[in-house]
Amino acid sequence: MDTSEDILQQASPDLVRGSDTARPAKAARLSPSFVSWLQAGPMMLVFLAFFLIPLVFVVIVSFWDYNEYQLLPAFSGRGYTDTFEGCIAQLPDLCTIAKTYLKTLKLCFLVWAITLFIGFWVAYFLAFHVKSKTWQMGLSLLCTIPFWTSNVIRMIAWIPLLGRNGLVNSGLMKTGLISQPLEWLLFSEFSVVLALVHLFTFFMVVPIFNSMIRIDKSLIEAAYDAGATGLQTLVNVIVPLAKPGIVIGSIFVITIVMGDFITIGVMGGQQIAAAGKIIETRVNALQFPAAAANAVILLVITFLIITMMSRIVDIKKEL
Amino acid sequence: MTKTTKTSGVSRRTLLKGTAGLAGLAAGSGAITGFPYVMSAEPKVLRYLGTAVNEGDDISKQCLKDTGIKIEYITATTDDVTKRVMTQPNSFDVLDTEYFSLKKLVPSGNILALDAKKIKEFDNITPVFTKGQTPGGKKIGGQGTAPWKVLYLEGKDSKKFATSATEFVTLIPTVYNADTLGIRPDLIKRPINSWSELLNPEFKGKASILNIPSIGIMDAAMVVEATGKYKYADKGNMTKEEIDLTMKVMTEAKKAGQFRAFWKDFNESVNLMASGETVIQSMWSPAVTKVRSMGIACTFQPLKEGYRSWASGFCVSKGVSGPKLDWAYEFVNWFLSGYAGAYLNRQGYYSAVLSTAKANMEPYEWAYWMEGKPAEKDIKAPDGSLLEKAGAVRDGGSYEDRMGAVACWNAVMDENDYMVRKWNEFIAA
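From first to last, the protein sequence lines are chains D and H.
Note that this note's numbering has the first sequence beginning at 3, numbered continuously upward.
Note that this note's numbering has the second sequence beginning at -7, numbered continuously upward.
Certain hints may be false.
[As the list claims (entries may be wrong)] Straight-line Cα separation of at most 30 Å, DSSO-like style, residue types lysine-lysine; simulated pairs:
(1) H:K181 - H:K246
(2) D:K101 - H:K112
(3) H:K152 - D:K101
(4) D:K108 - H:K246
(5) D:K108 - H:K181
(6) H:K232 - D:K105
(7) H:K240 - D:K176
(8) H:K112 - H:K57
(9) D:K105 - H:K240
(10) D:K101 - H:K247
(11) H:K256 - D:K105
(12) D:K105 - H:K196
(13) H:K152 - H:K246
(14) H:K240 - D:K101
(15) H:K95 - H:K181
(16) H:K246 - D:K105
Simulated from the structure, these hints should not be mistaken for laboratory data.
The task is simple: from the sequences and hints, build the whole structure.
Okay, structure coming up:
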């Protein structure tokens, strides 16, 4: 919210000036700060009504009690204590929630690292090697292809490719590279990471591309003229200037993967735990306070990660 | 300046707009009376909340033709149906749901029991529901939430299940079936006759169960009991120790790589089986039919320990009254009058009133689906597609054989909360 206000405050003087020329008498009565509020207002209201208020409810409900069929609005820490059940008693073995989050964080890290690597180079190619604007647009639209089909179809389509009798296995067996089908191609961490990378690299490409396209080309020429090698230009000029894009892309990917349970469920053969899956199971069993407690935990952990990342790069300043 | 004309605050134009709007509102809300009221113009519409099982387009079309009632389907998964009844009881009129969810629905007070006296065919409903036995007199296993335990309420607004017959029926039965393991006989190549085969190391990496905790744990219990490790007093209502034991057995199997994947919806189970990713898994009857209609051998294997059964039926939302309630009764009566029953039987499910369904089926169809006899002619699905060639015999045989061998029913346990936590632990293991 701070970010959007800052942007609006920077932008509003221009807008007010713009309206000055059109209708001097009317605009003179509106103070710049009022215009800012007016501009930020609709978004703030949407944010308030559909995010902040529901979030407050989630936090409140997470401290309620429940039975088989209803919420009991009395203070209870049961949602939390149940969630962390056995975390101390079972030591040194990990409890369910710790195992689940370790697994989720591991998947999250892998997906983040791979999407960052691929996304960076795709964005680099689009920004610096594709000269025409039309081609840049066209090629970035190509990155959206994974989204053209529904989630379910997309994921079912992996079976004929990676399955026991799928294309990859039968191809490898025909070439004689393997004699037994590779079981880990599907319903494994490998397939989960593959599907997530396939889906979410796009969210990395767009912000990084957006940062890169705004890099003043003369800076790169200057680096070149000053005798910098390609690598030095990359490390000292392009990466620092693309940082906001990298961080925004990372935030997208991390928040989506932390909350994902559908892709992890289908690609992991429902055998891999996910933070979101715990919430879903609880909601389906009508145990809303327990689900809410898990949602709060997920939110706090995701928020911590994002905070850590914005410590590294001050997005507000960089934008 | 032109703006001075607006100083009065309300211009003639805005005033006109305002009044026109108000008039429109009044007309819309029915505040204007005096228009001739045409009875037949009022469309008979019922919002029907349920799972996809009973919701055929053919059924709603036929219903409109026969009764003039337009059915608007609201389709959701079993869990989401329950959630919707709890949180938005006014968003539907007729509810079609499973008996096991009654343990949650009835205490919530959001559903209305129906009056048995107003159901024409009530006395002809199969004794599976009313007495817990087949028409041939075979006693049916009653572990779990068996329908006859929760069929009646003590009074109209009572939240207690009656132990003997009353006129207040929680759910008017519609459809039910007996579930077992589906297998790929072409890949297994030997007879399978026990639930314990699910954990047989021979099928390592090729087995599956469903990831719906309340149903999955019942299948798991069938397996544990079949291996001889433990005998449950009631698989549908385990103690904490029993839940721990069951999950321990399953967790060990999971860690040893027994399961290829768990499945959550119908299509997933079909894909797993059809692609050969799994060769043995818990399954639903129409899913087996679907795999077979793809030209792939798949058997809904009868097992010596018996079937896990489920059943669903109709009730209405607590908000339904007046003419709407009459339409609801008309619809339920129509549903039991034969067309829908025959439609369900032809998919491999069972209808609640057998006599009316039989009258709506060809004798060779009845013989194949219900009597377990070899098909005289090709067996077709309701949409006309070929299901079985002449000569085929239904897996598990006749209605008597299949329903008579039911061992337990889908259930909600008293320790449901604990069970769900343990299930999450199992998935994370």
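Hints, one by one, checked against the model:
{"no.": "1", "hint": "H:K181 - H:K246", "in the structure": "holds, 24 Å"}
{"no.": "2", "hint": "D:K101 - H:K112", "in the structure": "violated, 56 Å"}
{"no.": "3", "hint": "H:K152 - D:K101", "in the structure": "violated, 41 Å"}
{"no.": "4", "hint": "D:K108 - H:K246", "in the structure": "holds, 21 Å"}
{"no.": "5", "hint": "D:K108 - H:K181", "in the structure": "violated, 41 Å"}
{"no.": "6", "hint": "H:K232 - D:K105", "in the structure": "holds, 27 Å"}
{"no.": "7", "hint": "H:K240 - D:K176", "in the structure": "violated, 41 Å"}
{"no.": "8", "hint": "H:K112 - H:K57", "in the structure": "holds, 20 Å"}
{"no.": "9", "hint": "D:K105 - H:K240", "in the structure": "holds, 21 Å"}
{"no.": "10", "hint": "D:K101 - H:K247", "in the structure": "holds, 14 Å"}
{"no.": "11", "hint": "H:K256 - D:K105", "in the structure": "holds, 21 Å"}
{"no.": "12", "hint": "D:K105 - H:K196", "in the structure": "holds, 24 Å"}
{"no.": "13", "hint": "H:K152 - H:K246", "in the structure": "violated, 40 Å"}
{"no.": "14", "hint": "H:K240 - D:K101", "in the structure": "holds, 17 Å"}
{"no.": "15", "hint": "H:K95 - H:K181", "in the structure": "violated, 42 Å"}
{"no.": "16", "hint": "H:K246 - D:K105", "in the structure": "holds, 16 Å"}
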